[in-house]
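Chemist: Got chain A sorted already, so can you dock chain B onto it with the hints?
From first to last, the protein sequence lines stand for chains A and B.
Going by the numbering used here, the first sequence opens with residue 119, and the numbers climb by one from there.
Going by the numbering used here, the second sequence opens with residue 16, and the numbers climb by one from there.
Some clues are possibly wrong.
[Claimed, not checked] Not the full set, but computed from the structure, chain B residues with beta-carbon under 10 Å of chain A:
| hint | residue |
| --- | --- |
| 1 | Ala28 |
| 2 | Leu31 |
| 3 | Ala78 |
| 4 | Ser80 |
| 5 | Val140 |
| 6 | Gln147 |
| 7 | Val176 |
| 8 | Asn185 |
| 9 | Cys276 |
| 10 | Met312 |
| 11 | Leu325 |
| 12 | Ile332 |
In short, the hints are calculated from the structure, not lab data.
Glycine included, C-beta positions come from ideal geometry on N, C-alpha and C.
Chain by chain, the residues run as shown.
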Amino acid sequence: MRSSLLRILALILKEFLAVLKDPRSRFIIFVPPILQCVIFGYAASFDLNSVSYAVLNLDHSSASADLLSRLDGSGTFKRQANLERMEDISEWIDSGRALLVIRIDQDFERRLLVGKVAQVQVIVDGRNSNTAGTALGYVGTVVDQFNADWRSRHGIPGAPVAIDIRSWYNPNLESRWSMIPSLIGTLTMMGTLMLTALSVAREREQGTFDQLLVTPFRPFEIMVGKAVPNMVIGLTQATTILLIAQFWFHIPFIGSFVVLYAGLVLFLMAAVGLGLFVSSIAMTMQQAMLFAFLLVLPFSLLSGLTTPISSMPEFLQSVMVINPLRYALDLTRRVYLEDAGFAQLLPDFLPLTIIGIVTLSGAAWLFGRRLT
Amino acid sequence: MTDWVAKLRRIRALILKESKQIIRDPSSIAIGVVFPVLMILLFGYGMSLDVTRVSVAVVDEDASSGSAALIGDFRLSPYFDLKVTHSMAEATTMFRNRGVDGVIVIPSDFSRRWRHGDARIQILVNGTDANQARIIQAYAQGPVAIWGATQAGATPTGGPVVLESRMWFNDSNDSHYFLVPGLIVLVMTIIGAFLTAMVVAREWERGTIEALFVTPMRAGEFLISKIVPYFALGLIGFGLCLLAGKFLFHVPIRGSFTLLCFSSMTYLMVALGVGLLVSTLVKSQFLASQLAMILTMMPAMMLSGFLFDLRSMPPVIRGITYALPPRYAVTLMQTLYLAGDVGSVVWPNLGVLAAMAATLLVLTRLSTRKQLS
Numbered sequence: 119m120r121s122s123l124l125r126i127l128a129l130i131l132k133e134f135l136a137v138l139k140d141p142r143s144r145f146i147i148f149v150p151p152i153l154q155c156v157i158f159g160y161a162a163s164f165d166l167n168s169v170s171y172a173v174l175n176l177d178h179s180s181a182s183a184d185l186l187s188r189l190d191g192s193g194t195f196k197r198q199a200n201l202e203r204m205e206d207i208s209e210w211i212d213s214g215r216a217l218l219v220i221r222i223d224q225d226f227e228r229r230l231l232v233g234k235v236a237q238v239q240v241i242v243d244g245r246n247s248n249t250a251g252t253a254l255g256y257v258g259t260v261v262d263q264f265n266a267d268w269r270s271r272h273g274i275p276g277a278p279v280a281i282d283i284r285s286w287y288n289p290n291l292e293s294r295w296s297m298i299p300s301l302i303g304t305l306t307m308m309g310t311l312m313l314t315a316l317s318v319a320r321e322r323e324q325g326t327f328d329q330l331l332v333t334p335f336r337p338f339e340i341m342v343g344k345a346v347p348n349m350v351i352g353l354t355q356a357t358t359i360l361l362i363a364q365f366w367f368h369i370p371f372i373g374s375f376v377v378l379y380a381g382l383v384l385f386l387m388a389a390v391g392l393g394l395f396v397s398s399i400a401m402t403m404q405q406a407m408l409f410a411f412l413l414v415l416p417f418s419l420l421s422g423l424t425t426p427i428s429s430m431p432e433f434l435q436s437v438m439v440i441n442p443l444r445y446a447l448d449l450t451r452r453v454y455l456e457d458a459g460f461a462q463l464l465p466d467f468l469p470l471t472i473i474g475i476v477t478l479s480g481a482a483w484l485f486g487r488r489l490t
Numbered sequence: 016m017t018d019w020v021a022k023l024r025r026i027r028a029l030i031l032k033e034s035k036q037i038i039r040d041p042s043s044i045a046i047g048v049v050f051p052v053l054m055i056l057l058f059g060y061g062m063s064l065d066v067t068r069v070s071v072a073v074v075d076e077d078a079s080s081g082s083a084a085l086i087g088d089f090r091l092s093p094y095f096d097l098k099v100t101h102s103m104a105e106a107t108t109m110f111r112n113r114g115v116d117g118v119i120v121i122p123s124d125f126s127r128r129w130r131h132g133d134a135r136i137q138i139l140v141n142g143t144d145a146n147q148a149r150i151i152q153a154y155a156q157g158p159v160a161i162w163g164a165t166q167a168g169a170t171p172t173g174g175p176v177v178l179e180s181r182m183w184f185n186d187s188n189d190s191h192y193f194l195v196p197g198l199i200v201l202v203m204t205i206i207g208a209f210l211t212a213m214v215v216a217r218e219w220e221r222g223t224i225e226a227l228f229v230t231p232m233r234a235g236e237f238l239i240s241k242i243v244p245y246f247a248l249g250l251i252g253f254g255l256c257l258l259a260g261k262f263l264f265h266v267p268i269r270g271s272f273t274l275l276c277f278s279s280m281t282y283l284m285v286a287l288g289v290g291l292l293v294s295t296l297v298k299s300q301f302l303a304s305q306l307a308m309i310l311t312m313m314p315a316m317m318l319s320g321f322l323f324d325l326r327s328m329p330p331v332i333r334g335i336t337y338a339l340p341p342r343y344a345v346t347l348m349q350t351l352y353l354a355g356d357v358g359s360v361v362w363p364n365l366g367v368l369a370a371m372a373a374t375l376l377v378l379t380r381l382s383t384r385k386q387l388s
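Chain A extracted, bound-state conformation (with noise of 0.2 Å):
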């Protein structure tokens, strides 16, 4: 047993040295989280905080410019140009220098005035059909707006029913506080996962995981050899993580760091686990590097980071109940942003500690096949 440990514990400080020893590598495990976060954390945003804009305004009224200066008060909106001519349009939408144009007609006021219904047409470049809709929906608010001050100055009745939005754990529903908080388990398993694939392919490329097989190393001790370095590796990057969400971008951590690292363990059990998993079934570096990279981009586009889980069809979400990185990503944005305990994510822990479980000792158990 304590010679068991023993050993362990040389082959823990082995990988260590082998991964940290060389300053370049030290580089490429800490450096690139960290740029990579803060770059995604102001990058990565569904929110739109600048939307270049023409007008083609054929009414001049005050009406109108009532309307169009609620746009360019509202700060969001940026007027690049004032069209005179419908041709014109094509052009500033074609070159992308106008996200969307407005257009006015000569009867905008005159409509208002009698009491019916002005129509403003609203052209929006659909290369981004996304950026597009949520463009619309911000002019779309500006003009509920106007149409209620509308109606209360001409005393128009039907007054709309108002929407009051209460949102909870992110009062100004800002995007970067889920994304941030997701940004830990994602960078985090892109690092580790990749890492430990190479650690054995490494040792199988350079013949040195023959000379580890005649020493008296068991399958499990160099499973647990392996993991436990990568999983302190990604601790690590977490913590760094973690700490520039709260003290770069401010977003308040209000959960328990015990639930929270409780959780990071696990996970990086599972990433790990399947790190070792491929790495025990890869013959060459590249061939780790590939199949790794494989598991990692679906896991990371359908965790729920971008895109949502439920709109995803049924097949695809029953199996992504192997990806770790979905539980993670819920995880930490509930410890974090909702202060959630562990009964709450139970959900999450559970299948974890499966995976985990699952992935080392199939890949302790690969081991010892290709000792044999």
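Modeler: Frame of chain A; chain B shown alone:
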């Protein structure tokens, strides 16, 4: 003359060797064929930004005929799955435990205030998923507007100003239209940069490059032999994406097909260039693959305008996007696919990509020669 013949024969032999290596290694085929297919399926069927149905709890504190009618309108909406609850406490418990995505509260003075024209309802959303919360907010407008119009005995147009929106290039608001051009860029990026990042480094790690040094082979020939097979692999991926775009997702190609192919190939050369340069410089498979992923794959997802709008990024981040190839490729692909041959978009972007490809290849050639001498 014989010099040239020998040169060509050497290149041919090297290409043959590299191709055999690709064909015999299942992982290369996986990345060349399985990977594009996987991406097509994931993007085509897995990634959808629409929240199909949201489940909400309703707390009706008013319990009037008006509030009952409003609940009826929510029930008729295809976007809401209603769960009627009897108290706010019950609803918030469900909300906290993720039994529902939101809570609609109709306050007790709802009917009374409606007569005075200032009725309001409250919707509680979960900000942990900000995107979904905002979608629920938008969906709720529909039933509420219908209810208001029915109660006032008017047509549900809202107004007096109504928006008539037209989405150019994608009238039916089909998300495949922007996913397919982005998909091509992602596939080119990964086949081009990720695989090649490992190939030169592998020769260094295994020492086989020294064996090549003692042959008459030149650095340029070595590079050509590395480019050609992976370029071909990239074209297979491109072809698969084109086919899927046409026959699976029915995305029209409004620009010139030749230009579309040419642009994709140019971007493929950029990706190959990044991969080869990184591989030549760091000489380690692990470092090269990590660098290639950080420099190409992540930017292609996050900093390209594919998912997230470039204009809304802070100036510093936008500056970074200009230094990286994917933004040019995504702009090009989206325009050539959906808008057509818009000269003012196509030529500048294509020019930058061509310049990047040339620079990267020259740099790779220079750093390879240094090591040979």
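Chemist: With reference to the structure, classify each hint as holding or not holding.
Modeler: Hint-by-hint comparison with the structure:
The interface hint given for Ala28 of chain B is violated, since its Cβ lies 22 Å from the closest Cβ of chain A, which is over the 10 Å cut-off. The beta carbon of Leu31 of chain B comes no nearer than 19 Å to any beta carbon in chain A, farther than 10 Å, and the hint placing it at the interface is violated. With its C-beta approaching chain A no nearer than about 17 Å, Ala78 of chain B sits outside the 10 Å limit, and its interface hint is violated. With 10 Å as the threshold, the beta carbon of Ser80 of chain B stays out of range of chain A, its nearest partner Cβ sitting at about 15 Å, so the hint is violated.
Taking 10 Å as the C-beta contact cut-off toward chain A, the hint placing Val140 of chain B at the interface holds, the least distance being around 5 Å. Interface hint at Gln147 of chain B: satisfied, since its Cβ lies 6 Å from the closest Cβ of chain A, which is below the 10 Å cut-off. Hint on Val176 of chain B holds. Least Cβ distance to chain A is approximately 5 Å, under the 10 Å limit. Residue-level restraint check for Asn185 of chain B holds (minimum Cβ-Cβ distance to chain A is 3 Å; threshold 10 Å).
With a least beta-carbon distance of about 19 Å to chain A, the hint placing Cys276 of chain B at the interface is violated under the 10 Å criterion. The interface hint given for Met312 of chain B is met, as the beta carbon of that residue sits about 9 Å from the closest beta carbon of chain A, less than 10 Å. Hint status for Leu325 of chain B: holds, given a least beta-carbon distance of 9 Å to chain A, under 10 Å. Interface restraint check: Ile332 of chain B against chain A, minimum CB-CB distance 5 Å, threshold 10 Å, status holds.
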